[in-house]
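Sequences are here, hints too, so could you generate the full structure?
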Amino acid sequence: MIRVLIVDDDYRVSDLHREFTERIAGFSVVGIAHSGAEAIAAVDRLQPDLVLLDIYLPDVSGIEVLKRLREPGHPSVDVIAITAAKDVASLRDALHGGVLHYLVKPFRWSAFESRMESYAAVRKRLVGLREAEQSEIDRIFSLLRTSSTESLPKGLSQSTLELVLRALREAGETCSAEDVAGRAGVSRVTARRYLEHLAQESRVELLMRYGALGRPEHRYRLVEAGRSSN
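Heads up, the sequence shown is in the numbering used here, so the first residue is 7 and it goes up one at a time.
Accuracy of the hints is not assured; some may be wrong.
[Said to hold, decoys possible] Label-pair ranges, simulated between beta-carbon atoms: (1) Glu25 with Arg194: 13 to 23 angstroms; (2) Arg51 with Arg175: 22 to 32 angstroms; (3) Leu22 with Ala47: 36 to 46 angstroms; (4) Arg29 with Val110: 13 to 23 angstroms; (5) Pro78 with Arg215: 49 to 59 angstroms; (6) Val195 with Arg74: 21 to 31 angstroms; (7) Arg76 with Ala205: 34 to 44 angstroms; (8) Ala31 with Val110: 37 to 47 angstroms.
By construction, these hints were calculated from the structure, which means they are not laboratory data. Only a predicted model underlies this, so the values are computations on that prediction, with no experimental measurement involved. Heads up, the beta-carbon is just placed ideally off N, CA and C, and yes, glycines get one too.
This is the structure in structure tokens:
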């Protein structure tokens, strides 16, 4: 279970983020803070795995909270910053180009779910790495960085798309949506949504497996460059 601390000065927004978080399997909210000082104290006291951190707080900025949490004496914690699109560049500069995970507001439930599932999948991969090289760690975390989604339908994110594609590559054979979900660390519904998009883009083949009874099973196979479907 991934333990989450929510930081937002707006009580209605923090309650909404709690509701969103608790709708996703594998996450639990262990606390809510409404200021930077409360956030730092809560991290030290509760030792959550993840902080959902709003950048605009009444006492200090979320950027300052991030800097203080990286100082010695505080437990290690992952952070997803919640900010406006116009502030992303300045946020990166303030953190000197460090790995940054963020949600750009306003966002819908589907975007929140996708980012959290991507985080959970990446975290699971990192936990499984015993002697990871820094380049491999950087590559895995890069899946969480916000990328351009202009070519993606609403509700789909590039980070989750990359996780689904990686799951298909690792399988090396036809997979069901359930297979892909297990490999990518996302829900079956999410996996199916991304697989349908990839099929429409001709990046995966959709095949039907017919059994003796019931509906045919949908199976998916990655279309590699230079290979056409039969």
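(request) Of all the hints given earlier, name the ones this structure violates by number, lowest first. (result) Violated hints (numbers, rising): 2, 3, 6 and 8; every other hint is consistent with the structure.
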